[in-house]
Amino acid sequence: MAAAPNTAHRVAYTINGVIRVATVEPGVTLLDLLREEFDLTGTKKGCDHGQCGACTVLMNGHRINSCLVLAVSRSGSVVTTIEGIGTSDGLHPLQEAFVKHDALQCGYCTPGQICSAIGLISEGTAKTRDEIREGMSGNLCRCGAYTGIVDAIEEVMAAVSDAESLP
Amino acid sequence: MDQEQTVTGKSIFRIDGPPKVRGEAKYAAEYKVPDLLHAYVVTASIAKGRILSIDLSAARQFPGVVEILSHKNRPWFWPVSFLYKDAAGPPGKPFMPLYDDRVHFSGQPVALVIAESYEAARDAAALVGVTYKAEPHATDLARSPAFIPRKHRIGVAPVPHPTGDADRAFASAPVKIEAAYTTSPENHHPMELFATTVEWGDNIVTVYDKTQSPKSVELFLKVAFRLIGRKVRVVSSYVGGGFGLGLRPQQSVFLAVMAAKSLKRSVRLVLPRDHMFALGYRANTVQTVSLAADEKGRLQAIRHKAIAATSQFEDAQDPILLFSASLYRCDNVKLNYELAKLDTVSPCDMRAPGAATGMFALESAMDELAYALGADPLALRLTNYTERDQSENRPFSSKALRECYAQGSERFGWDKRSHAPRSMREDKELIGWGMATGAWEAAMSPAPARAEVRLRSDGKFEVTSSITDIGTGTYTILSQIAADELETPIERIVVRLGDSALPFNPIQGGSWTAATSGAAVQSACRKLKAKITSQAKKAGVLDRRPGTELLSASALADLLKLRRGGELSATGTMFSPPFGKRFSSATHAAVFAEVRVDEELSVVRVTRIVCAVAAGRILNPTTARSQIIGATVMGIGKALHEDTAYDHNLGRCMAHSFGDYHIPSNADVYDIDVVFVDETDTQVSPLGVKGVGEIGVVAVAPAIANAIFHATGQRMRDLPITIDRLARARSRAS
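Those protein sequences? They're chains L and G, same order as listed.
Per the UniProt record's numbering, the very first residue in the first sequence carries number 1; after that it's consecutive.
Per the UniProt record's numbering, the very first residue in the second sequence carries number 1; after that it's consecutive.
Hints may be right or wrong, so weigh each one.
DSS-like cross-link-like pairs, simulated, lysine-lysine; straight-line CA separation at most 25 angstroms [stated by the list, open to error]:
(1) G:K537 with G:K460
(2) G:K296 with G:K264
(3) G:K581 with G:K151
(4) L:K100 with G:K10
(5) L:K100 with G:K231
(6) G:K460 with G:K531
Derived by calculation from the structure, the hints in this document are not laboratory data.
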């Protein structure tokens with residue numbers, strides 16, 4: 001981080017269940033904190049403007065664009081990134097469904113899509129394919145894997161409403 | 001091996017899927033390198049002129065700034081432009097960032113700030129004060145003089161020669177149409193930002209780069225920066241999309257290596273989204289198409305003229321007119337291809353370059369002709385179907401376009417279409433059905449490709465090749481090819497790609513990777529299999545029963561033990577096919593589109609698309625289908641959204657982000673149905689593969705434009721067909 005100690009702030013986040021602390025300049029986004037400081041590069045930078053959704057993570061259970069959050073502003077929050085989804089030997093149902101429905105090509109938008117989909121499902125407002133498409137439109141995919149993404153989410157959503165919970 | 005046990009041709013899940021959904025796949029900006037500096041580019045705010053001065057006083061004072069490079073203090077690099085030629089470069093002088101004080105285009109890099117953190121580099125870049133002497137610029141294609149390019153771009157099919165007398169045939173034909181079409185400039189915008197991480201070492205420079213060709217970048221850097229004595233290794237294991245923008249060594253890798261060489265330090269440069277508008281674009285075009293037919297709809301004349309944008313320093317060329325002479329049977333064809341120089345960065349290949357813009361005009365014109373004749377648009381295509389490539393006077397290696405028409409139209413329900421425009425409606429929405437034909441070259445790379453396969457001590461086979469996987473499924477199909485050639489379960493195949501230290505492969509482009517790199521893998525595997533078989537026989541460990549795998553894991557282990565750790569490997573090479581082919585080879589597609597147009601608001605929804613594709617052998621229907629779906633989505637963007645809008649007064653692109661350059665979002669995409677038509681082709685490539693990366697995009701925009709005509713009665717000849725354009729056309733009509 002830049003050498004200007006008088007402006008730097010201490011922040012602490014619980015990221016994927018682990019408390020992480022850092023000293024950051026006020027201009028550092030949560031996205032850059034995750035990628036550059038904590039080496040959690042599964043969260044992607046696609047626009048830095050909150051327009052593409054590649055940087056989507058879950059903060060306190062809600063999906064957010066981490067490029068729009070200054071790291072100093074939400075210290076104390078609980079953050080889940082793609083590295084915290086699934087286990088070391090097993091994929092999360094959504095990760096599995098993305099592979100099964102080939103809901104990705106280059107893979108760059110994929111972690112954001114999956115975090116966003118988890119947020120969408122837990123919000124519980126999307127019921128139909130049209131509503132999934134609308135609710136996922138904050139996550140752009142230039143490879144155009146949208147139909148597979150909707151298929152994957154629809155399948156997991158149906159399983160969740162059967163089981164009434166998502167692991 | 002039994003047919004049932006083979007994996008090529010089957011739907012295997014993408015093998016790079018798990019690392020990608022876990023976020024473990026590493027892209028160019030994600031490698032952890034010690035003592036890393038960060039760079040940020042300062043770009044020109046004028047389109048043409050000279051840099052008078054650069055004031056660095058404020059920026060240099062910014063905490064964390066290490067160095068600021070410009071043309072005045074950059075390290076040495078070769079001043080001769082021919083050394084910067086690359087495999088995908090057109091005739092002209094390649095652009096060299098920070099070369100001198102000249103500004104060639106708005107958004108051109110003029111300085112590079114290098115700092116201890118990304119934020120410091122970015123913020124200090126805003127403090128760099130550049131003064132310019134601006135000169136008059138030209139960015140408007142419609143107002144720029146056109147010329148016939150003197151030098152032909154190597155690797156791009158030349159404009160077909162004229163046949164017959166198109167002018168006379170057009171004049172005397174009973175039914176004819178003539179219309180002008182325009183297409184806007186488009187940007188590729190892969191989701192991954194262009195980025196380079198340079199790990200600077202005394203003996204080896206490792207460059208993690210976003211590119212479609214690690215080998216091209218390696219050669220380019222060695223020459224440009226005279227790194228001959230050093231080992232340069234370019235790594236692109238995962239590439240977050242390319243679509244053509246990564247075919248040439250990009251500004252980002254040039255600048256990052258320049259900074260690293262200058263400071264003898266490791267440097268990362270990630271270009272922000274707005275800088276990606278000035279890396280290359282799909283050339284905008286102005287086109288005229290004249291078609292004439294007899295009363296039965298048989299084409300009597302085709303005239304197609306295209307003027308495409310290029311830069312002042314290179315003559316970028318695309319095969320815009322390639323299929324205008326060969327797609328339909330017609331004895332009188334006249335084609336004109338011209339360029340107009342603009343003060344922009346050079347246009348570069350973007351998915352189905354040329355064809356996607358040229359076929360928009362040709363296939364829109366065919367629809368216009370169908371309506372002039374009172375004929376069904378599909379029937380008109382069938383009337384003019386050709387089994388031969390008339391422009392080259394030779395047969396096609398295979399052409400199952402007729403089956404594309406048949407299966408696509410059946411799946412779509414085309415026979416239920418009512419012919420008249422504005423004749424289908426539901427509530428407030430007009431419904432339109434349109435179709436178009438697509439074609440793209442089925443080629444193998446003109447440069448040879450190599451692959452190595454090695455039997456590892458753990459009993460797995462490791463396939464290596466420098467080719468990248470840009471989301472195309474290359475990892476997966478190469479695994480499938482190797483598994484079948486080695487008669488081994490796919491789980492025992494490991495594929496490593498995207499590294500210039502691995503066997504040479506040309507650029508990943510031209511839809512030729514599966515055919516070209518696949519053939520190299522096939523050859524390597526066959527050689528290794530022969531080696532293993534003979535050695536196993538000698539050693540007496542060949543325990544093969546009919547229908548089983550070549551060698552069991554235990555037999556392979558025995559074999560390796562006998563060799564006392566000595567490796568077993570083989571290299572395969574795919575040499576470029578000989579010149580003077582006896583046949584033409586192309587992929588074909590028939591696209592059927594349904595649009596719903598809100599009559600009050602002129603909002604267009606593309607509610608259904610059926611794309612029937614004939615592309616030879618399909619190695620993996622899952623990944624191939626995704627390629628076609630993805631290209632269709634890009635086609636929707638081309639038809640309705642994508643426009644790199646310029647302010648010609650400023651000579652500056654007005655789009656800076658996804659907020660003003662719209663690409664399709666999830667809500668813009670409804671049902672897309674892909675049909676792969678059976679097509680056996682033993683001549684096109686050793687694997688019988690034609691490639692599926694680009695064919696999907698070609699026919700989408702004209703099919704949508706034709707559907708909009710059918711829905712509204714408005715013929716939309718300018719892309720993209722935005723809400724305001726459609727609303728204006730409607731108000732003009734009423």
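Quick rundown of the hints versus the structure:
no.	hint	result
1	G:K537 with G:K460	20 angstroms, holds
2	G:K296 with G:K264	72 angstroms, violated
3	G:K581 with G:K151	23 angstroms, holds
4	L:K100 with G:K10	14 angstroms, holds
5	L:K100 with G:K231	41 angstroms, violated
6	G:K460 with G:K531	16 angstroms, holds
Violated hints, in rising order: 2 and 5; the structure is consistent with all others.
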